[in-house]
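Based on the provided sequences and hints, a complete structural model is requested.
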Amino acid sequence: MDEGRRVILRSAGATGALAVALAAGLLKPERVLAAAWDESAFRQKDVADALKSIGADNAVASKEVVLDVPEIAENGAVVPVEITSHVPGTTSIAVVIDKNPFPLSSKFSFTEGALPYVKLNVKMGQSSNIRVIAEAGGKHYVAMREVKVTIGGCGG
Amino acid sequence: MLALRTSAVLAAAALAIAAAPVHAQDEKKEIEKYQKMLAEGSPVELFELQGEDLWKKPQGPKHASLEKCDLGMGPGVLKGAYAHLPRYFADTGRVMDLESRLVHCMVTLQGRDYKEATKRVFGNADKPSELEYLVAYVVGKSRGVRIAVSTRNPKEKAAYELGRQLFHYRAGPWDFSCGSCHGVAGKRIRMQSLPVLDKPSGARHTYATWPAYRVSNSQMKTFQWRLNDCYRQMRFPEPTFGSDATVALTMFLAVTANGERYAGPGTKR
Amino acid sequence: MPGPMKIRATLKGSYTDIRVLMSHPMETGQRKVKGKLVPAHFIENITVKVNGKTVVEAQTSQSISRNPVFAFRVKGGNKGDKVEIGWVDNKGESNKTEAAVA
Numbered sequence: 001m002d003e004g005r006r007v008i009l010r011s012a013g014a015t016g017a018l019a020v021a022l023a024a025g026l027l028k029p030e031r032v033l034a035a036a037w038d039e040s041a042f043r044q045k046d047v048a049d050a051l052k053s054i055g056a057d058n059a060v061a062s063k064e065v066v067l068d069v070p071e072i073a074e075n076g077a078v079v080p081v082e083i084t085s086h087v088p089g090t091t092s093i094a095v096v097i098d099k100n101p102f103p104l105s106s107k108f109s110f111t112e113g114a115l116p117y118v119k120l121n122v123k124m125g126q127s128s129n130i131r132v133i134a135e136a137g138g139k140h141y142v143a144m145r146e147v148k149v150t151i152g153g154c155g156g
Numbered sequence: 001m002l003a004l005r006t007s008a009v010l011a012a013a014a015l016a017i018a019a020a021p022v023h024a025q026d027e028k029k030e031i032e033k034y035q036k037m038l039a040e041g042s043p044v045e046l047f048e049l050q051g052e053d054l055w056k057k058p059q060g061p062k063h064a065s066l067e068k069c070d071l072g073m074g075p076g077v078l079k080g081a082y083a084h085l086p087r088y089f090a091d092t093g094r095v096m097d098l099e100s101r102l103v104h105c106m107v108t109l110q111g112r113d114y115k116e117a118t119k120r121v122f123g124n125a126d127k128p129s130e131l132e133y134l135v136a137y138v139v140g141k142s143r144g145v146r147i148a149v150s151t152r153n154p155k156e157k158a159a160y161e162l163g164r165q166l167f168h169y170r171a172g173p174w175d176f177s178c179g180s181c182h183g184v185a186g187k188r189i190r191m192q193s194l195p196v197l198d199k200p201s202g203a204r205h206t207y208a209t210w211p212a213y214r215v216s217n218s219q220m221k222t223f224q225w226r227l228n229d230c231y232r233q234m235r236f237p238e239p240t241f242g243s244d245a246t247v248a249l250t251m252f253l254a255v256t257a258n259g260e261r262y263a264g265p266g267t268k269r
Numbered sequence: 001m002p003g004p005m006k007i008r009a010t011l012k013g014s015y016t017d018i019r020v021l022m023s024h025p026m027e028t029g030q031r032k033v034k035g036k037l038v039p040a041h042f043i044e045n046i047t048v049k050v051n052g053k054t055v056v057e058a059q060t061s062q063s064i065s066r067n068p069v070f071a072f073r074v075k076g077g078n079k080g081d082k083v084e085i086g087w088v089d090n091k092g093e094s095n096k097t098e099a100a101v102a
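Chains as they are written, first to last, in the working numbering: chain A, 1 to 156; chain B, 1 to 269; chain C, 1 to 102.
Read the hints as simulated data drawn from the structure, not as lab findings. All residues carry an ideal CB built from backbone N, CA and C; glycine is no exception. Incorrect hints may have been included.
The calculated BS3-like cross-link candidates involving lysine-lysine, where the alpha carbons are at most 25 Å apart (straight line), are [said to hold, decoys possible]:
#, chain 1, residue 1, chain 2, residue 2
1, C, Lys6, B, Lys141
2, B, Lys79, B, Lys57
3, A, Lys119, C, Lys49
4, A, Lys148, B, Lys29
5, C, Lys12, B, Lys36
6, B, Lys68, B, Lys79
7, B, Lys56, B, Lys79
8, C, Lys6, B, Lys56
9, A, Lys139, C, Lys75
10, A, Lys148, B, Lys33
11, C, Lys34, B, Lys119
12, A, Lys148, B, Lys36
13, C, Lys91, B, Lys127
14, A, Lys119, B, Lys33
15, A, Lys119, C, Lys96
16, B, Lys79, C, Lys6
17, B, Lys127, C, Lys36
18, C, Lys32, A, Lys99
19, C, Lys75, A, Lys63
20, B, Lys127, C, Lys32
In silico negatives: residues of chain B with every beta carbon more than 10 Å from chain A [claimed, not checked]:
#, residue
21, Gly60
22, Leu162
23, Phe167
See the structure below:
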């Protein structure tokens with residue numbers, strides 16, 4: 001049993017409401033203690049809503065956000081994406097894939113000397129725009145590219 | 001007979017489009033970029049690691065690992081072994097490729113039953129095959145080594161000749177041979193360029209990047225699988241795993257690729 | 001039991017390149033096997049630490065490819081720095097591994 005669970009049960013007591021809730025599976029201790037997962041943002045189905053949910057609805061297009069992605073992906077199951085933000089003070093980068101069932105793909109937060117850079121492989125269900133949004137000083141900056149997918153990669 | 005020929009030709013034309021400009025140059029460049037970025041961010045190494053575990057795992061009635069398996073360079077010698085396969089093995093009296101040799105070691109070293117060891121030669125992401133991981137591990141040990149498959153032994157030479165004939169042998173309901181798709185320059189199936197495999201210029205890169213992690217299957221795919229699937233696409237009967245025919249074809253392609261530095265296991269779409 | 005995970009961290013002049021390979025099905029919940037939907041099963045959180053300090057925190061979803069591979073960069077760095085990366089998925093399963101910067 002991991003430390004977190006032990007702590008909660010100890011403080012709640014054997015018959016405490018929290019312990020009961022945990023036992024009933026109503027709470028996930030990992031979620032309570034670990035970094036939160038922005039469920040409402042990740043569950044947005046509309047790209048405009050997804051952007052809004054991460055505060056990026058007023059993002060300005062910027063050449064300082066560099067998105068390197070092939071224009072043609074032979075298979076949508078794996079689309080390699082490389083992102084660098086040259087916007088000073090970038091604290092996070094988000095990846096949005098417009099035509100995916102849930103457009104918000106991932107969010108990366110950088111601290112303690114991490115460079116605002118990430119390379120990752122995403123799934124694309126069909127040809128679509130990919131947007132990457134860098135946040136710096138409370139403002140959002142976006143770069144967008146269209147990727148043509150020859151075989152969609154979401155399953156089925 | 002003539003009518004059958006014509007329809008087969010039409011079918012071939014419909015599937016493999018020979019064109020003056022095969023892709024716009026930009027398209028070709030972008031696809032190459034995709035392939036390059038894919039290979040740079042590939043999880044294939046995880047399959048090599050799992051293969052290493054399986055190689056060292058004691059199994060079968062003899063409770064033995066595969067660590068003493070002789071892949072042609074001595075028991076347990078892995079570095080460069082794949083770059084010299086297929087080859088003739090005196091203990092079996094036949095030319096063997098990596099996969100048939102691995103099964104041979106499972107049977108002789110581990111005491112496993114041939115049927116059990118080959119029950120699942122080709123897996124998928126949900127139910128992988130042991131062989132897929134073992135192959136990834138072994139071929140990884142030939143990374144950077146120049147492919148140098150010999151035809152000095154008469155049986156090796158015979159296998160090469162048989163492979164060459166099989167490559168050009170037209171049969172099946174569509175009257176296809178390997179050469180129908182892989183014997184003429186400039187062909188493609190949908191967006192996939194078809195390399196010319198009976199010439200070193202086409203064979204080298206292709207042979208040096210198989211077996212591979214295939215993202216469309218989320219799984220490691222072996223060379224026996226690649227041949228099996230090509231035959232399926234040609235609507236041929238399914239070849240027997242590790243058969244003389246499949247080893248001969250592998251021999252032909254490997255020798256044609258001789259000199260190329262092996263770059264696998266690869267990563268493909 | 002999660003599959004293997006591997007980090008490769010190398011000094012590249014002014015920064016340290018950190019590559020991580022993870023074994024995970026990253027099921028979307030939309031795939032069908034034999035007519036039945038495979039339930040969603042994907043990594044939600046990833047934490048990257050260097051010498052005990054968190055440098056990158058990621059929230060990911062089912063739209064990350066199966067067997068995810070990520071690359072990150074950290075300013076500066078020294079040979080022997082300890083890189084530790086862990087993930088937690090939507091079922092509460094987790095895995096982590098560490099490596100020294102080469």
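Quick rundown of the hints versus the structure:
{"no.": "1", "hint": "Lys6/C / Lys141/B", "verdict": "18 Å, holds"}
{"no.": "2", "hint": "Lys79/B / Lys57/B", "verdict": "19 Å, holds"}
{"no.": "3", "hint": "Lys119/A / Lys49/C", "verdict": "17 Å, holds"}
{"no.": "4", "hint": "Lys148/A / Lys29/B", "verdict": "14 Å, holds"}
{"no.": "5", "hint": "Lys12/C / Lys36/B", "verdict": "20 Å, holds"}
{"no.": "6", "hint": "Lys68/B / Lys79/B", "verdict": "14 Å, holds"}
{"no.": "7", "hint": "Lys56/B / Lys79/B", "verdict": "16 Å, holds"}
{"no.": "8", "hint": "Lys6/C / Lys56/B", "verdict": "19 Å, holds"}
{"no.": "9", "hint": "Lys139/A / Lys75/C", "verdict": "23 Å, holds"}
{"no.": "10", "hint": "Lys148/A / Lys33/B", "verdict": "13 Å, holds"}
{"no.": "11", "hint": "Lys34/C / Lys119/B", "verdict": "21 Å, holds"}
{"no.": "12", "hint": "Lys148/A / Lys36/B", "verdict": "17 Å, holds"}
{"no.": "13", "hint": "Lys91/C / Lys127/B", "verdict": "21 Å, holds"}
{"no.": "14", "hint": "Lys119/A / Lys33/B", "verdict": "15 Å, holds"}
{"no.": "15", "hint": "Lys119/A / Lys96/C", "verdict": "19 Å, holds"}
{"no.": "16", "hint": "Lys79/B / Lys6/C", "verdict": "22 Å, holds"}
{"no.": "17", "hint": "Lys127/B / Lys36/C", "verdict": "16 Å, holds"}
{"no.": "18", "hint": "Lys32/C / Lys99/A", "verdict": "21 Å, holds"}
{"no.": "19", "hint": "Lys75/C / Lys63/A", "verdict": "22 Å, holds"}
{"no.": "20", "hint": "Lys127/B / Lys32/C", "verdict": "15 Å, holds"}
{"no.": "21", "hint": "Gly60", "verdict": "35 Å, holds"}
{"no.": "22", "hint": "Leu162", "verdict": "33 Å, holds"}
{"no.": "23", "hint": "Phe167", "verdict": "25 Å, holds"}
In terms of the numbered hints stated before, the structure departs from none.
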